[in-house]
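Residues in the first sequence are numbered consecutively from 1, following this note's numbering.
What the hints contain is simulated information worked out from the structure, not anything from laboratory work. Careful: at least some of the hints might be erroneous.
When the alpha-carbon atoms are kept at most 30 Å apart in a straight line, the in silico DSS-like pairs for lysine-lysine are as follows [what the hints assert, rightly or not]:
| id | residue 1 | residue 2 |
| --- | --- | --- |
| 1 | Lys-448 | Lys-192 |
| 2 | Lys-354 | Lys-448 |
| 3 | Lys-243 | Lys-305 |
| 4 | Lys-166 | Lys-149 |
| 5 | Lys-285 | Lys-149 |
| 6 | Lys-192 | Lys-166 |
| 7 | Lys-192 | Lys-392 |
| 8 | Lys-2 | Lys-109 |
| 9 | Lys-354 | Lys-2 |
| 10 | Lys-315 | Lys-280 |
| 11 | Lys-305 | Lys-414 |
| 12 | Lys-29 | Lys-354 |
| 13 | Lys-185 | Lys-243 |
| 14 | Lys-213 | Lys-192 |
| 15 | Lys-520 | Lys-198 |
| 16 | Lys-370 | Lys-305 |
| 17 | Lys-29 | Lys-520 |
| 18 | Lys-520 | Lys-370 |
| 19 | Lys-109 | Lys-166 |
| 20 | Lys-514 | Lys-448 |
| 21 | Lys-49 | Lys-17 |
| 22 | Lys-448 | Lys-149 |
| 23 | Lys-354 | Lys-243 |
| 24 | Lys-49 | Lys-2 |
| 25 | Lys-370 | Lys-514 |
| 26 | Lys-448 | Lys-372 |
| 27 | Lys-424 | Lys-414 |
| 28 | Lys-354 | Lys-285 |
| 29 | Lys-109 | Lys-414 |
| 30 | Lys-305 | Lys-315 |
| 31 | Lys-2 | Lys-149 |
| 32 | Lys-109 | Lys-520 |
| 33 | Lys-448 | Lys-520 |
| 34 | Lys-243 | Lys-414 |
| 35 | Lys-354 | Lys-315 |
| 36 | Lys-149 | Lys-414 |
| 37 | Lys-392 | Lys-185 |
| 38 | Lys-305 | Lys-280 |
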Amino acid sequence: MKVQEQFINECENAVRKALASLGAPEDLKIVREVPENADLAIPCFTFAKALKMPPVAIAEKVAESIEVPCGLIAGLTALNGYLNFTVDNNALLSDVLSEISTRGADFGKSAPTGIRVNVEHTSTNPTGPVHVGRARNPIIGDTLARCLKMRGHDVTTEYYVNDVGKQVVMMSWGVANVTPEEVQKEIEETEKADDRDKVDHRLVFNYRVANKKVHGIPEMEAQIADMVQKFEAGDQATIDHVKKVAETMLGGINETLAAINVTLDRYTWESTFLANGAAKEIVRKLQNTPYSGQTEDGASFVDLKDFGIHGKNTKFTFTRADGTTLYTTRDLAYHEDKFSRSDRVIDVLGEDQKLGSQQLCSALEIMGRKEKPEALFYAFVSLPEGRMSTRKGVVVYLDDLIDEATDRAYEEIKKRRNDLSEEKMQAIARAIGVGAVRYNIVRVGADKQLIFKWEEALSFDGNSGPYLQYVHARACSILRKAGDYQKDTDGSKLTDEYEVRLAKILARFESVLKDIDETKRVNMMPAYGHEVASAFNQFYAAVPILQAGDSTNARITLVECTKHVLHNVLVCLGLEPIEEM
RNA sequence: GGGCUUGUGAGGUAGUCUGGAUUAUCCUAUCGGCCUUCGGAGCCGAAUACCCGGGUUCGAAUCCCGGCAGGCCCUCCA
């Protein structure tokens, strides 16, 4: 917003000039704040030392020496050592209205930056359905990717599929060697059994039975170990079988993700780094650095004690005694691969990966890589009864949450609308249910541990996804009623405090996106969206829109601007911007 | 034992990175209003909070030190 930037510049320049005349040095740092009762505040405490004057007196002197109104500065008062500036509302509002209404659905979108950003998220092991404990990953990752896209970056989202190791081998063994009867028995023995007819939900029982059958029986364990060995040695039949099972499972996972509007651009299979020799190349590189060493029986490691890692975690092992690679070795190869095709690499990870991620960064540094992956960690979601565990039946699957949310949304809509077709109601119910689920998860800071509660996850009012969708639908409805109206971007027609406030909030959209780009705190987007929606409802309640005399067209234009901003907020959040509900 | 992280009204949560005031944000629940024409999944109002103890500072929810409480991690696992 040009006017806003200009306003800030004018304020700072005026203050700088006034300070200079009081004998202050040129380079004094000016702090900016945005308070409730003014458009810009500058505290004078920081100038006190240089001027040898009390802050309150400085504020008063400065305020006296600045002539207002002047340019975009409409007013200035000194209070408690602060300089409180107010902006020329007419100029600002005109700017906001014309900028947003001309850019329309493009408002907030930046021109292409050419920066290739890779966002890896989800990447759960293909051994079972996604549960809500892990649902934070796709939702945070997808939201971040959407925001970065709007910033003009060239974003690729990516799922790293773990198709190497004992777990997936066990999974595929279970598919081949567990009988339907055994599966049935397992289902019957499970408390709160899961009867969903979906591949990932069914196959997880094979996995569980397999674990039980193999556990503690030497010849079975040997069979698994043999498969792992064959896999690592490149035995095609074994690899194909494991991969096929993983693909099947992944299909189920993807169905769930698609239901919450998450799609991935790319899948990278861990086994490729075994097959193409990249993992071995990492071993060779690391062994040739001064930090590398070997244990007595021949496992290789690098010592990370010079890299800010403490205690007994400094030895970062990258080969087994028999020379084979480890998960982390392959992960290094994977990161080298990602860097070869991206400018920024972002990993969305559970907080349990913190140490591993730090070690990975150090190892990359040892290998001479300058760039570092940016990690975005999230704390786990647990249930009131404790940590989620599929085995104990202490688990809520994402599929069940989506269904429940959709069902409840359907009940609500059925209560309110009897004019809609069945099909339409179901589509809207899905949009609202998914909206509630996604919003509820991105709403809170990623580092905050979360206890899942049904009533919170299914909230449709207040600070919720459906509230934003509702306001969007409401704005659309008003615009439909307005029909062909004459756009009016004259800010002087909008003088009510609620419309002024709304317009100023709308102007902030781009800066919210910028902050998210820089900090990766995606929870700022739902907070901003709620602010917009709430300000709109206040405006709506305070003044008439369609019958406002001279102001009518300007108000409708403001409604249109709100619709555009809200639309893009919803897009960033992965919620459907429905036009009625 | 060591490391990382979180602690804000009854419940949840923003703000903490980059220290500021005049009323510490918002939601839910509670209580009291609005049953406003343009969509009540709404609007207005009331009441209730910075884990404890020190320190730095003109000024601390924010920075530092020490406690306490929860979570996570410390595999030649993935």
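Evaluation of the provided hints:
For a cut-off of 30 Å, the pair hint linking Lys-448 to Lys-192 stands: about 29 Å separates their Cα positions. Restraint check: the Cα-Cα separation between Lys-354 and Lys-448 comes to about 15 Å, which is no more than 30 Å; the hinted pair holds. For the proposed pair Lys-243 and Lys-305, the alpha carbon gap of about 38 Å is over 30 Å, so the pair is violated. At most 30 Å may separate the alpha-carbon atoms for a hinted pair to count; Lys-166 and Lys-149 exceed this at roughly 37 Å.
Distance hint between Lys-285 and Lys-149 is unfulfilled; the C-alpha atoms sit about 35 Å from each other, more than 30 Å. Straight-line distance between C-alpha atoms of Lys-192 and Lys-166 comes to about 28 Å, which keeps the hinted pair within the 30 Å bound. At roughly 10 Å between alpha-carbon atoms, Lys-192 and Lys-392 fall within 30 Å of each other, so this suggested pair holds. At roughly 16 Å between alpha-carbon atoms, Lys-2 and Lys-109 fall within 30 Å of each other, so this suggested pair holds.
The suggested pairing of Lys-354 with Lys-2 is violated, with an alpha-carbon distance near 41 Å, which exceeds 30 Å. Of the supplied pair hints, the one linking Lys-315 and Lys-280 holds, its CA atoms being roughly 19 Å apart against a limit of 30 Å. In summary, the hint linking Lys-305 to Lys-414 is not supported, as the alpha carbons are separated by about 63 Å, beyond the 30 Å threshold. The straight-line distance between the Cα atoms of Lys-29 and Lys-354 is roughly 36 Å, outside the 30 Å bound, and the hint therefore fails.
A hinted pair counts as satisfied when its Cα atoms are at most 30 Å apart, and Lys-185 with Lys-243 qualifies at roughly 27 Å. Only pairs whose Cα atoms come within 30 Å are accepted, and Lys-213 paired with Lys-192 is accepted, the gap being roughly 22 Å. The suggested pairing of Lys-520 with Lys-198 is violated, with an alpha-carbon distance near 34 Å, which exceeds 30 Å. A distance of roughly 19 Å separates the Cα atoms of Lys-370 and Lys-305; the hinted pair therefore holds under the 30 Å criterion.
Taking the CA atoms of Lys-29 and Lys-520, the gap is about 27 Å. The hint holds against a cut of 30 Å. Only pairs whose Cα atoms come within 30 Å are accepted, and Lys-520 paired with Lys-370 is accepted, the gap being roughly 21 Å. With a C-alpha separation of about 45 Å, the suggested pairing of Lys-109 with Lys-166 is violated against the 30 Å cut-off. With a CA separation close to 23 Å, the supplied pair Lys-514 and Lys-448 stays within the 30 Å bound.
For the given pair, Lys-49 sits about 18 Å from Lys-17 by alpha-carbon distance, which is consistent with the 30 Å threshold. For the suggested pair Lys-448 and Lys-149, the alpha carbons sit about 26 Å apart, so the restraint of at most 30 Å is met. As the CA atoms of Lys-354 and Lys-243 are separated by approximately 28 Å, the hinted pair is consistent with the 30 Å bound. In summary, the hint linking Lys-49 to Lys-2 is not supported, as the alpha carbons are separated by about 34 Å, beyond the 30 Å threshold.
A hinted pair counts as satisfied when its Cα atoms are at most 30 Å apart, and Lys-370 with Lys-514 qualifies at roughly 24 Å. About 24 Å separates the Cα atoms of Lys-448 and Lys-372, which keeps this hinted pair within 30 Å; it holds. The hinted pair formed by Lys-424 and Lys-414 meets the criterion: a straight-line CA distance of about 11 Å does not exceed 30 Å. Distance restraint check for Lys-354 and Lys-285: the Cα-Cα separation of roughly 24 Å lies within the 30 Å cut-off, and the hinted pair is therefore satisfied.
For the proposed pair Lys-109 and Lys-414, the alpha carbon gap of about 36 Å is over 30 Å, so the pair is violated. Between Lys-305 and Lys-315 the CA atoms are separated by roughly 8 Å; this keeps the pair inside 30 Å, and the hint holds. With a C-alpha separation of about 23 Å, the suggested pair Lys-2 and Lys-149 falls inside the 30 Å cut-off, and the hint holds. Between Lys-109 and Lys-520 the alpha-carbon distance is near 17 Å, which keeps this suggested pair within the 30 Å criterion.
At most 30 Å may separate the alpha-carbon atoms for a hinted pair to count; Lys-448 and Lys-520 meet this at roughly 15 Å. For the suggested pair Lys-243 and Lys-414, the alpha carbons sit about 45 Å apart, so the restraint of at most 30 Å is broken. Distance check on the hinted pair: Lys-354 and Lys-315 sit about 16 Å apart at the alpha-carbon level, within 30 Å; holds. Taking the CA atoms of Lys-149 and Lys-414, the gap is near 36 Å; set against the 30 Å cutoff, the hint is violated.
Restraint check for Lys-392 and Lys-185: the C-alpha separation of about 16 Å stays at or below 30 Å, so the hint holds. Of the pairs offered as hints, the one joining Lys-305 and Lys-280 holds, with about 24 Å between alpha carbons and a cut-off of 30 Å not exceeded.
The earlier numbered hints that this structure contradicts are 3, 4, 5, 9, 11, 12, 15, 19, 24, 29, 34, 36.
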